[in-house]
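Participant: Next come the chains, spelled out residue by residue.
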Amino acid sequence: MVSLIQSFGAYALRQVFSAGRMGLFFFYAVRGIFLPPRKFWFTVKQIQFIGSKSLVVIGFTAAFTGMVLALQGYHTLSKFGAEGWLGSAIALSLIRELGPVLSALMVTGRAGSAMAAEIGIMRIEEQIDALECMAIDPFSYLVTPRFIASIIALPLLTAFNDVIGILGGYVIGTGLLGVNAGAFWDGLTSSVDWNDLYMGFVKSACFSVLIAWVCTYKGFYAGVEEDHYGPEQVGRATTEAVVISSIAVLISDYMITSIML
Amino acid sequence: MSTGNLIEIRGLDSFYNSRQVLFDINFAIPKHQITVIMGVSGSGKTTLFRHLIGLKKTGPNKIVVDGEDMGSFSETGLIKYRRRIGVMFQGGALFNSMTLAENIAIPLKVHTRLAEETIRIMTVMKLNLVGLADFCDYVPSQISGGMKKRAGLARALIMDPEILFVDEPSSGLDPITAAGLDRLILELRKTLGMTAVVVTHELESAFEIADRMVVMDQGKIIAVGSPEEIRNSTDARARQFLNREADPHSGDLDSYYQRLFGGNCR
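If you're matching them up, the sequences are chains W and A in order. Here the numbering used here is used: the first residue of the first sequence is 49, the next is one more, and so on. Here the numbering used here is used: the first residue of the second sequence is 53, the next is one more, and so on.
Please keep in mind that the hints were generated in silico from the structure rather than gathered at the bench. Beta carbons are placed, not taken as given, at the ideal position from N, Cα and C, and that holds for glycine. Hints may be right or wrong, so weigh each one.
As a list, the in silico PhoX-like pairs of lysine-lysine whose alpha-carbon atoms are at most 20 Å apart [claimed, not checked]: (1) A:K161 with W:K87; (2) A:K114 with A:K132; (3) W:K93 with A:K161; (4) A:K132 with A:K161; (5) A:K242 with A:K114; (6) A:K108 with A:K272.
Estimated spans, in silico, between C-beta atoms of each pair [as the list claims (entries may be wrong)]: (7) W:K93 with A:G197: 26 to 36 Å; (8) W:L83 with A:M150: 19 to 29 Å; (9) A:D76 with W:Q96: 51 to 61 Å; (10) W:E273 with A:A185: 52 to 62 Å; (11) A:G197 with W:R284: 25 to 35 Å; (12) W:L245 with A:N180: 57 to 67 Å; (13) A:A185 with W:P279: 26 to 36 Å; (14) W:P279 with A:R311: 26 to 36 Å.
These stretches of chain W come out as covered by chain A in the derived footprint (C-beta under 8 Å, 3 or more residues) [what the hints assert, rightly or not]: (15) 172-178; (16) 182-193.
Take the sequences, apply the hints, and build the full model.
Facilitator: Here it is as structure tokens:
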């Protein structure tokens with residue numbers, strides 16, 4: 049009985065410790081913006097890695113999402129004789145929800161896992177220890193550029209996602225399903241307003257912070273708990289990073305939507 | 053604090069979670085000399101090393117550097133201490149995406165405002181010192197483990213540190229390269245008056261370079277002194293380490309059975 053309470057207590061303490069350490073990690077990552085070394089070109093390279101190299105993946109995701117929305121939307125709207133509103137339905141779904149969330153999930157799988165793995169490998173090869181011993185702030189060097197790159201790249205990817213998705217929906221809606229092109233664009237422009245775009249933008253900005261935070265944190269502390277560094281720890285850190293980021297994105301999506309809607 | 057000692061360790065205990073790994077460690081690291089910390093794997097020498105380089109938090113009044121208590125260093129104090137030291141890690145700990153020259157130049161680029169050309173000259177000088185001048189523009193994946201160690205050493209030396217900490221310099225190296233590294237550390241002590249702390253389990257290397265030796269076993273110090281004093285040590289475990297003797301097993305059937313089926317694995 050006592051050992052049960054003891055192990056629960058130990059578990060609770062570990063969770064509190066991890067939460068605190070994660071909070072401090074965020075603080076150090078933000079502080080890294082103001083501390084040397086300032087890694088401008090490295091940040092630009094990260095923007096290229098997270099952003100421009102994800103364009104193909106996001107493009108495919110968006111195109112097929114838009115096309116499926118057209119099919120499903122038409123099928124549902126035709127029951128009410130409201131096919132003309134297809135453009136509106138596709139655009140609002142993408143801009144408010146699917147654009148930010150799907151972009152975030154794709155970026156998590158691609159760039160988030162790479163961030164966790166890269167930093168995790170540096171941890172197990174003592175490269176982060178070497179940075180600290182050279183009196184170089186490892187947060188400033190490794191984490192902050194990825195944070196900044198993520199905040200810049202993800203909203204832009206979301207915008208790209210929205211555009212390609214709407215185009216995909218347009219092609220299927222007007223080309224395959226016979227929706228009137230004028231009605232499509234008219235419905236779209238009359239229903240989408242700044243609040244929808246703003247909501248999508250706020251979501252993708254929040255998701256970008258969450259993804260960068262969780263993935264770099266997991267990589268940074270890979271193996272540190274057990275004081276045992278090896279490839280298994282990096283693999284576990286990468287998996288946990290992707291899973292936790294994805295769940296965090298979905299939960300925060302609900303919370304932001306309920307606040308902003 | 054006695055003159056001539058750069059670092060004093062007083063009653064240091066260390067834990068990983070609830071497991072104690074260092075027990076009442078007491079010794080001093082003298083200035084301008086090479087101190088070698090030796091012991092079998094798992095003796096706690098790496099933990100001690102990590103305390104000395106500031107990677108593991110130390111309690112108050114356990115490690116005193118030049119009269120300053122490392123346990124009560126603020127973040128600024130720790131940064132100042134790290135600017136005085138150079139650390140070579142076991143595998144070199146080089147950054148994989150950069151060339152050797154870029155790796156070695158990092159401390160200069162971050163901490164100084166020297167011109168590119170000056171940085172390049174200093175980098176080449178240090179690469180020459182470790183015999184890697186021809187490999188300036190190679191990345192770590194293109195060179196051998198021994199070369200990575202030497203590059204790691206060059207990076208540790210780039211800021212001309214007061215104290216050099218070296219973790220297992222000779223492990224995995226062929227005898228010629230290992231001897232070259234030993235000679236380099238000796239030269240640094242002779243020409244620059246560098247203080248060095250070397251963690252190793254290679255006996256020959258240790259006796260070659262040490263001015264002072266510390267022998268550890270199971271988290272405790274079992275022998276401290278000059279190489280001569282260590283060679284004449286009467287501690288049984290130290291003698292076993294120095295004579296390269298395996299742990300004794302008697303030849304009877306019961307103890308053989310115990311070896312096969314004992315232990316905690318099920």
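Participant: Work down the list of hints and note, for each, if the structure agrees.
Facilitator: Here's how the hints hold up against the structure:
1. A:K161 with W:K87: With Cα atoms ~11 Å apart, K161 (chain A) and K87 (chain W) stay inside 20 Å; holds.
2. A:K114 with A:K132: This hinted pair holds, its Cα atoms lying about 19 Å apart.
3. W:K93 with A:K161: holds, 19 Å
4. A:K132 with A:K161: holds, 17 Å
5. A:K242 with A:K114: violated, 30 Å
6. A:K108 with A:K272: holds, 18 Å
7. W:K93 with A:G197: 26 to 36 Å: Check passed, 28 Å falls within 26 to 36 Å.
8. W:L83 with A:M150: 19 to 29 Å: holds, 21 Å
9. A:D76 with W:Q96: 51 to 61 Å: holds, 54 Å
10. W:E273 with A:A185: 52 to 62 Å: Violated, at about 42 Å.
11. A:G197 with W:R284: 25 to 35 Å: With Cβ atoms ~26 Å apart, the hint holds.
12. W:L245 with A:N180: 57 to 67 Å: holds, 60 Å
13. A:A185 with W:P279: 26 to 36 Å: holds, 33 Å
14. W:P279 with A:R311: 26 to 36 Å: At 31 Å between Cβs, range holds.
15. 172-178: holds (count 5)
16. 182-193: holds (count 3)
Violated hints for the displayed structure, listed by number in ascending order: 5, 10.
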